[in-house]
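Novice: Protein chains in written order, with our numbering: chain E, 1 to 495; chain V, 1001 to 1494; chain A, 2001 to 2127.
Please note that the accuracy of each hint is not assured.
Cross-link-like lysine to any residue pairs, in silico, SDA-like; alpha carbons within 20 Å at most [stated by the list, open to error]:
hint, chain 1, residue 1, chain 2, residue 2
1, V, K1437, E, T208
2, V, K1374, V, R1451
3, E, K168, V, L1044
4, A, K2032, A, I2044
5, V, K1374, E, H111
6, A, K2032, A, L2127
7, A, K2037, A, G2116
8, E, K160, V, T1445
Cβ pair distances, simulated, as ranges [claimed, not checked]:
hint, chain 1, residue 1, chain 2, residue 2, range
9, V, R1451, E, F290, 49 to 59 Å
10, V, E1201, A, H2012, 45 to 55 Å
11, E, F210, V, E1476, 27 to 37 Å
12, V, I1276, A, H2012, 22 to 32 Å
13, E, T422, V, E1476, 48 to 58 Å
Covered by chain E, per the in silico footprint, the following chain V stretches (three or more residues, Cβ under 8 Å) [what the hints assert, rightly or not]:
hint, region
14, 1224-1238
15, 1249-1256
16, 1426-1437
Calculated from the structure, these hints are not laboratory results. Ideal Cβ placement from N, Cα and C applies to all residues, glycine included.
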Amino acid sequence: MTEIYSCIPAIPLCISLGAALIIALLGERVRHLNEGVTIAAAGLKFLLITLLYTSVVGGAIWLWTPVTLLPGVPFSLKIDLFGIYFALLSSLLWLVTSVYSIGYMRSLNEHAQTRYYVCFAICVAATVGIAFSGNLLTFFIFYEILTLATYPLVVHSQTKEALAAGRKYLTYLLSGGVVFLFAILLTYTTTGTLDFVNGGILSGSGTTEFLRILFFIFLIGVGVKTAIMPLHGWLPSAMVAPTPVSALLHAVAVVKAGTFGLLRVIFYIFGVDLFMEIGVAPILAVIASFTIITASLMALSQDNLKMRLAYSTISQLSYIVLGAALLAPAALEGGIAHLMHQAFMKITLFFCAGAIFVGTGKKLLSEMHGMAEEMPLTWAAFTIGGLGLIGIPLTAGFITKWYLIGGSLDAGQPVFVIILLTSALLNAAYFLPPIYHAYFSSQEKKETLERRVSWCIKAPIIVCAIIVILLGTIPYAPYFPLESAHEIVRQILRI
Amino acid sequence: MNGMFVHLPILIIMIPFAAAFIGPPIGFLFRGCIRRIVLIALSLNLICSILLALQVLSSGPFDYYLSGVAPPLGIALYADYLGAVISVLISGIALVAVSYSAGIIPELGERRTIFFYVLLLLAIGAMQGIVFTADIFTLFVLFEIQAISLYGLVAMRGDGKGLLAGYKYLLIGSAGSAMILIGIGFLYISTGTLNMHLMAELLPPVSGSYTVLAGLALLIAGLSTKIGLFPLHIWMPEAYAYGPSIFPVISTIALKVGVVAIIRVVYTIFGPSLAIQTIPLESTLALLGAVAIIICSILAIRQMDIRKMFAYSSGANIGCIMLGLGIATVPGIEGAILHMITHATAKAGLFLCADAFLIQAGIRYVHEFKGLSKAMPYTMAAFSIAAISMVGLPLTGGFMSKITIASAAIADGITYYAAILLFWTLLSAVYFYRILKNAYFQEGTLSSTIREAPVRVLIPIFIISIATILLGFFVESPMALIRPAAELLLGGGI
Amino acid sequence: MSILDSGFILGHYNYWVAIILIMIGLYTMMAKRNLIKKFIGLNIIETAIFLFYISLGDVTGGIAPIFQKESGETVGNTILYANPLPSAMMLTAIVVALCMTALALSFAVLIYRQYGTLDARKLMEEL
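So here's chain E without its partners, still in its complex pose:
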């Protein structure tokens, strides 16, 4: 492994921030140019990150520490495999979502589009920053930027409901941030460093009691973004945002940033050995299982499609947490691969929800009976995504669930197999009825589409659905998530 000191890690960040700045300066008058800038920046960034990905897979580690923030804690950007893995996810999905956003925002003729694109670009920059953070303080800085930059997107419609949701969102996430910062400072004062080191920095720096408490403070801090129950309240409310925002940020970037942070804290601050030693893994597994089941049950009762998807997200995120808590290589591999697989499935579903809203203006599942006739493509994609989340073979979801089940058997805890299977059943219970109704129920009165759904909306849906199938059929292809996940787990567990 070679460490390369260079300012390269800052470039992807600067691309997004530069795009935000240009869009902000251009303003509302040249809307088409703004869209062009977004797409160009997203494409450029994806290209760059792909290049970096190949170099990191080849064994390179990029590092850049321009200034010192606290004694012993620089502002540090570091690209390791886990980081670039997450950055790749966010930049690829930014590209897809940018195209989708353009279609969506144009079709609905939304207001304040400049603000929308600016905040979107800042959010993506923050996500990449989170991925590239070399220490906890840098991580926290980008984590808070993400919180702040998402707020304008949540309250985009500026209705009373949206503002109330925004307030809830800020209350949850800022409180979580404060708790997180508290944990970071506790770590800093005990160890004097905050670097992400494989194997952890905390070992031997306090009593087991202290470390346990510290872990739970971390869990509360990061858990808000990960939407671990009972800290999930903001996520369903945040669904008032425009659908592309819900798709990229509340199914992928923001919540995955939380999950990513949790994994970073567990494996790079505590370290596997210490994490096992202080015995918090079983508790974490129980919390995750509780979230998986409860969120699925809550999803059942939602009639609003986006709300149902939101609860499904809460449930799915805890799969990743469960994978980490089980500490078996296969489970961890499944969890980390699920980070990527779930993102594609969930974004497909959200894109479909948005397409339905654009096409027909409908949000409630009970109004979507027989709709597959009018929107065959969208519903085909929806079916693929839904089946994927249930875990039907040949879709992305099957692979990761298979790994998770295998991992829990390896760990000698078959009870979690039951949890995973129950959850799969519940997933089926909330995804299959809408699909069934869409295809086989007849509509009360025939409706035509309100608006034409443009190709800008359809193309991303198709791309994502195809990726879901690909991930499920040829999961071991080179550069696919599973390969990287395997390598990451090998590094983390040092096997």
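Use these hints to put chains V and A onto chain E, whose structure you have.
Specialist: For chains V and A alone, kept in the frame of chain E given last:
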């Protein structure tokens, strides 16, 4: 040491005073040229401050004896790291504030503008003196010069509310001055000297006596009125609300100067070991600070007039600085000094923007902000940056100083104070959230005649915003001065 | 030395006088509603401080430092002079206090012109 550099401390003090005396005659002779005199004087002052800071940084602190007579007979100035860094802060913020304000301030008129600038210069000169003086009676006299100028500035507009606010400030401030004077008397009678460093040498044998303890208590109580430490903050809301346009900015740095005086009393005269022996610093200063943080923040949340809101917010920030000082470790004092800088910068930005809102749109209440981001996008952006720094969110100076103090508190074992500091983030987020939400996400009923502030006004505002952001990253450059300052103060202060 | 010891109390009588005067001044500042009377309270405090300082400068048997050798007591070869520094300091402080008084009274005059009253309670409602 270069001959010229030796005289820098007295130059820094005398430049504003001299300009204050030549200001009025020239100002009355040539219309509208007073502002130029002030700008030149303050620029010179800033250059001298920076030179002094570099000098102190390279060759360490040095004494300057007025008329060449050494203490105990003469009066000494002492240019140390703390003085140098706060001096740069004073001249910098004052220069930005003056370059923001107009040649003739509209609400004052031409004649009173001249007096306004004269009082401002006197206040700046006094502040520079306070941070450098090593003589405690000189400290008192300079405080009085500063106070008289500030009382005058508050009442400058000459309307009823301004006068009342000024009178309230005057009564409370004078009572504080009286306490400072009597406290100085107690210390003087116990040690027989007025020089801070000699006092520090002579104090230990008598440190247990009631006289010394009462002197310390009176000094801290008196200085607390000057810095508006809760519950002596009551003059601030009215003074900030009804003073003329850039008064709050000047007052913000005056508060910091008061804190410097407290540092001098606690750490230079008493020294950390003696101070901790005689008074449990952690449980008094830090407790006062924590109480101020919580109560002033709650008062700020209840307030709808933004200037009063920011006044309470200043009270909370002073609490934060006192908390840092109360921790009495190197990181704690570093954090406190850094917070003085970041808070002064952010608060100056807030008030400059608030003034721009008042002048351009007549806005001073939270609910009037609806839709303002469209009418005044640039000012609002600068305002948001300052607000983010005040809340203490990343990428701004406020974040860095807050986590420095909080981590010092944790390292010192008083974790609950760190928790209060971090919880304070949420409290201050509440009141800034209301303003920003109204400005950005609510459609306004503002009249369409509101224009963005002119470029002349925007430039200083942007300078302050950029400084706020830079402080969030390049915190090491002020730290180069702050770190030795804290070490020197904790090393006995001599 | 105990704080209740009679020697301590009597030996520090200048302190007690100053403290009593300051308390009277503080009471006046808080209890009186008239703005000018409030300031008179402050003046009482200041006067108490001046007296206190001047009493600090006293040396038993000492004379003012401007007198010649023969008029004062001597201890050995040294003349006992009263400490002149507190008096000098008080000269400055008196000037400062005078400035404050002038400023406060001019404020009071202007406030009276604006509101026609100097009643603090009524005036504070205006703020």
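Novice: Hint by hint, say whether it matches the structure.
Specialist: Structure-based check of each hint:
| no. | hint | in the structure |
| --- | --- | --- |
| 1 | V:K1437 - E:T208 | violated (44 Å) |
| 2 | V:K1374 - V:R1451 | holds (10 Å) |
| 3 | E:K168 - V:L1044 | violated (50 Å) |
| 4 | A:K2032 - A:I2044 | holds (14 Å) |
| 5 | V:K1374 - E:H111 | holds (13 Å) |
| 6 | A:K2032 - A:L2127 | holds (19 Å) |
| 7 | A:K2037 - A:G2116 | holds (16 Å) |
| 8 | E:K160 - V:T1445 | holds (17 Å) |
| 9 | V:R1451 - E:F290: 49 to 59 Å | holds (57 Å) |
| 10 | V:E1201 - A:H2012: 45 to 55 Å | violated (25 Å) |
| 11 | E:F210 - V:E1476: 27 to 37 Å | holds (31 Å) |
| 12 | V:I1276 - A:H2012: 22 to 32 Å | holds (28 Å) |
| 13 | E:T422 - V:E1476: 48 to 58 Å | holds (54 Å) |
| 14 | 1224-1238 | violated (count 0) |
| 15 | 1249-1256 | violated (count 0) |
| 16 | 1426-1437 | holds (count 4) |
Figure legend: structure checked against the earlier numbered hints; hints not met, in rising order: 1, 3, 10, 14 and 15.
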